[in-house]
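Model the full assembly from the supplied sequences, consistent with the hints where possible.
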Amino acid sequence: MANVTGLEGVVAADTDISLVDGENGRLVYRGYGAKELAVAKRFEEVAFLLWNGRLPERDELEQAEKRMAAHRVLPEPIARILDALPPAAPVMSALQTAIAAFGALEGDQWPPTAARAERLTAIVPTIIAYWARKAKGLPAVQPDPRLGHAANYLYMLTGRRPEEAYVQALNAYLILCMEHGLNASTFAGRVILSTQSDMSSAVCGAVGAMKGPLHGGAPSEVVAMLEAIGTKERAEPWMRSVLERGGRLMGFGHRIYKTKDPRAEALREVTLRLTGRDPAFDLAVFVEQTAIRLLEEYKPGRRLYTNVEFYAAAILRAVRIPAELFTPTFTAGRMAGWTAHLLEQASVNRIFRPQSVYTGPMPLAEGGEPERNATR
Numbered sequence: 001m002a003n004v005t006g007l008e009g010v011v012a013a014d015t016d017i018s019l020v021d022g023e024n025g026r027l028v029y030r031g032y033g034a035k036e037l038a039v040a041k042r043f044e045e046v047a048f049l050l051w052n053g054r055l056p057e058r059d060e061l062e063q064a065e066k067r068m069a070a071h072r073v074l075p076e077p078i079a080r081i082l083d084a085l086p087p088a089a090p091v092m093s094a095l096q097t098a099i100a101a102f103g104a105l106e107g108d109q110w111p112p113t114a115a116r117a118e119r120l121t122a123i124v125p126t127i128i129a130y131w132a133r134k135a136k137g138l139p140a141v142q143p144d145p146r147l148g149h150a151a152n153y154l155y156m157l158t159g160r161r162p163e164e165a166y167v168q169a170l171n172a173y174l175i176l177c178m179e180h181g182l183n184a185s186t187f188a189g190r191v192i193l194s195t196q197s198d199m200s201s202a203v204c205g206a207v208g209a210m211k212g213p214l215h216g217g218a219p220s221e222v223v224a225m226l227e228a229i230g231t232k233e234r235a236e237p238w239m240r241s242v243l244e245r246g247g248r249l250m251g252f253g254h255r256i257y258k259t260k261d262p263r264a265e266a267l268r269e270v271t272l273r274l275t276g277r278d279p280a281f282d283l284a285v286f287v288e289q290t291a292i293r294l295l296e297e298y299k300p301g302r303r304l305y306t307n308v309e310f311y312a313a314a315i316l317r318a319v320r321i322p323a324e325l326f327t328p329t330f331t332a333g334r335m336a337g338w339t340a341h342l343l344e345q346a347s348v349n350r351i352f353r354p355q356s357v358y359t360g361p362m363p364l365a366e367g368g369e370p371e372r373n374a375t376r
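Going by the working numbering, the sequence shown wraps up at 376, each residue one higher than the last.
Keep in mind that the hints were calculated from the coordinates and are not lab data. These numbers come from a predicted model, not from an experiment. In this text, a Cβ means the ideal position worked out from N, Cα and C, and glycines have one as well. Treat the hints loosely; a few may be bogus.
[What the hints assert, rightly or not] Calculated cross-link-like contacts (lysine-lysine; reagent style DSBU-like; alpha-carbon spacing at most 30 Å): (1) 299 <-> 260; (2) 211 <-> 260; (3) 260 <-> 232.
[What the hints assert, rightly or not] Computed Cβ-Cβ distance ranges for the label pairs, DEER-style: (4) 215 <-> 70: 27 to 33 Å; (5) 14 <-> 227: 39 to 45 Å; (6) 76 <-> 33: 41 to 47 Å; (7) 195 <-> 14: 17 to 23 Å.
Structure, rendered in structure tokens:
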């Protein structure tokens with residue numbers, strides 16, 4: 001029997017939400033290239049696409065934006081629960097607690113609905129921003145209904161209206177975070193929902209998977225590299241020194257994508273558009289160009305392309321998202337994909353119940369000790 005530890009290569013579901021094509025470097029959302037969506041569309045449009053299978057008409061988008069703006073307000077009971085948590089609690093744990101309480105407060109039902117997906121997706125950035133400011137001893141900033149999803153998140157974190165360059169960059173990042181196939185957190189959510197549990201509970205399970213460092217680990221090492229380089233003049237000597245010691249340049253190469261990562265390509269395009277508007281964008285583009293040239297020199301033929309973590313780190317650094325909020329911000333984007341999968345699971349539901357292979361000892365005749373060297 002083949003070793004299926006980790007379920008790698010095992011097909012567990014049919015889906016028409018997204019295609020992750022690592023061999024050809026494609027990421028497709030409902031028939032649209034994720035790269036093109038990230039560059040041209042707003043978060044609310046792409047979330048609507050994932051939930052409904054099509055892009056919204058103009059009036060539908062306007063109504064969806066109004067609903068999501070209304071859904072951002074944090075209910076007072078949830079704020080009190082967050083206030084009762086110890087200030088040192090990790091933000092992902094606080095988020096998980098708040099979502100569970102949110103489900104209990106409002107009473108999720110089976111089957112889940114697109115309206116519930118919209119509500120949960122809208123409230124998550126508010127929870128993150130509330131907790132982030134509380135942890136710093138700052139008062140909460142109320143959401144601004146005039147701002148879009150990405151702009152409002154930055155506003156609630158800082159209390160200042162963000163620059164348009166930052167909004168464009170974060171909007172593209174959140175769209176590319178939305179969906180990536182049957183990854184660990186998405187699978188966890190679908191397994192929970194398959195029991196006919198509620199959407200909030202399934203999202204809590206997905207958050208629990210996301211906060212593990214093997215899944216939702218933030219691109220902190222790339223940020224550390226960019227901070228260490230600091231200026232364009234230091235880029236080449238710094239990276240040469242790393243490569244000559246046999247070290248790795250963070251943000252290059254990917255386990256799934258064997259060619260260019262389409263998410264990195266999209267974020268690079270957005271970053272190129274914003275060069276000249278913030279030094280952090282300029283440095284990121286220069287470091288990438290220099291790194292690709294040096295990697296071909298030191299590791300010829302390896303085809304080490306830029307991965308999404310490089311430009312994710314560059315954008316999060318540029319828009320002033322602190323490192324402790326990298327994974328929560330990734331989660332805020334992924335909410336749209338998780339909830340789309342939960343809606344899909346409910347529409348074709350069958351409880352997940354895989355088998356396992358027993359590898360322990362077998363009993364002997366009655367009264368005997370287990371045989372420790374049993375074969376299977």
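So, going through the hints one by one against the coordinates:
1. Pair hint residue 299 plus residue 260 holds up; C-alpha atoms about 17 Å apart against a cutoff of 30 Å.
2. With a CA separation close to 27 Å, the supplied pair residue 211 and residue 260 stays within the 30 Å bound.
3. Of the pairs offered as hints, the one joining residue 260 and residue 232 holds, with about 24 Å between alpha carbons and a cut-off of 30 Å not exceeded.
4. At roughly 32 Å, the beta carbons of residue 215 and residue 70 sit within the given window of 27 to 33 Å.
5. Take residue 14 and residue 227: their Cβ atoms lie about 44 Å apart, and the range 39 to 45 Å holds.
6. Checking the proposed 41 to 47 Å range against residue 76 and residue 33 shows it holds: the Cβ atoms sit about 42 Å from each other.
7. Between residue 195 and residue 14 the Cβ separation comes to about 19 Å, which falls inside the hinted range of 17 to 23 Å.
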